[in-house]
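Student: Going down the list, the sequences are from chains S and R. Just so we're aligned, residue 1 is where the first sequence starts under the working numbering, counting upward by one. Just so we're aligned, residue 1001 is where the second sequence starts under the working numbering, counting upward by one.
Hints in this document: simulated from the structure, not taken from any laboratory. Using N, Cα and C, we set each Cβ at its ideal position, and we do this for glycine too. Careful, some of the hints might be misleading.
Said to hold, decoys possible - So the derived list for chain S, only partly shown, Cβ under 8 Å to chain R, looks like this:
| hint | residue |
| --- | --- |
| 1 | D47 |
| 2 | R50 |
| 3 | P148 |
| 4 | P156 |
| 5 | G165 |
| 6 | T173 |
| 7 | Q179 |
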Amino acid sequence: MSQTGKSNAADLSVEVHPSVQALHDWFGVAIIRDEIVAGDEHVVYVDASRITEVLGWLKEVPEHLYDYLSDITAVDYGGGRPIQVVYQLFSISHRRSLRVKAELPLSALEIDSAVPLWASANWLEREVYDMFGISFKGHPDLRRILMPENYAEGYPLRKDFPLRGRFTRAEQTQRALSQEPEDYYIPADFECGRKPQLVQWQETGGEPEPDGDPSDH
Amino acid sequence: MSEKLRSSTGITGGLFGSETPTFLTTKVDFVVNWARRNSLWPMPFGTACCAIEMMASAASNQDLARFGMERMAFSPRQADVLICAGRVPYKLAPVLRRIWDQMPQPKWCVSMGACASSGGVFDVYSMVQGIDTIIPVDVYVPGCPPRPEGLIYGLMMIQEKIRGESLARHAEHRFEDPDQAGHPQADEKEVRALSGPFGNSTRQDRTSGLITEVGCRPSDQVIP
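Use the sequences and the hints to build the structure in full.
Tutor: Right, dumping it as structure tokens:
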């Protein structure tokens, strides 16, 4: 860092991330390691079984307050190595970002869903499920989002997935045409004025929703 | 072929059914074709950057309306020519097929750009390798993307094609097997034949991937 000619204060702000230190102090062994990539991006590796605990703490504690979930994605490095689930967090009030990673062995691609924390995790986790086959426990609606519902060739972004898919082009064409475009949606998606599914988890803690008849909507 | 068509369409001889042109049929052909080719309403099926060029060709500088494409018909039921501009993934294939099925006869199709015509650079798991495996195509416009002049030239080629059509051979021009609606226009053999000598992936078979079993991993070396 000193080669770049920056002042010491600037170096400190890059190398010390308050949330990383606080995570080590609070969670101990659940924080496996941390590193800095791309100059100033702090990455924390978390025990996958405690991921919601850590993410919830990061979101709720006022000193950290990572209230904005930028992205959820995953990385497959191939060669039998574990698949990493990546949570890119941002704190709007503190102007800080943090990358949280959880490593999942290929034999157990399962992790707790972040939808109860951030509603925006819904589609992001569906995409990760679609592309990597990681199942998110507690997700309200875990199904494919980009690939067709009847897609049977596996998970395209895995390293062992052949570039052109596993079926012949003729087979792929016939499979694609054998489906109805309406198959991509669940019947409730077509209902007007439907109460969104995601609201349910928020309302369980608050006041009970009165059971009005559907014509109220 | 024509015997089968005649029996399936019910047109047997008569004024327009005879394949030898008469004074009457050629004059009717002339009028009908003149009307058809000068009022082609395009159904824009723009999915990518080609659609920008398609919009440019409809805008004031190029002005597609000069040639009778008076307006873009965003309902397939009021369109004459489908312009497929851009790449089509497999998930969109049934949508494209349904839009084509919804268009009333007579109808034509322009495949605009490299991706719609052949898959282009997107020789991957998710992309249709040429929309002619989904719907019949009259004119392919090459380019990535084609300039508006290219698209207009392609549409003028459609107009030329219409000029040569005859009501006497109507069934032949317009024949569609109802059983084939919603199915690939090309069968598996034809899809294989479409693969060129440059290694288009339509020739790919099941063994060309790294592995064949879904869910198992390659035995490559673990890099420490």
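Student: Which numbered hints are broken by the structure, listed smallest first?
Tutor: 1 and 2
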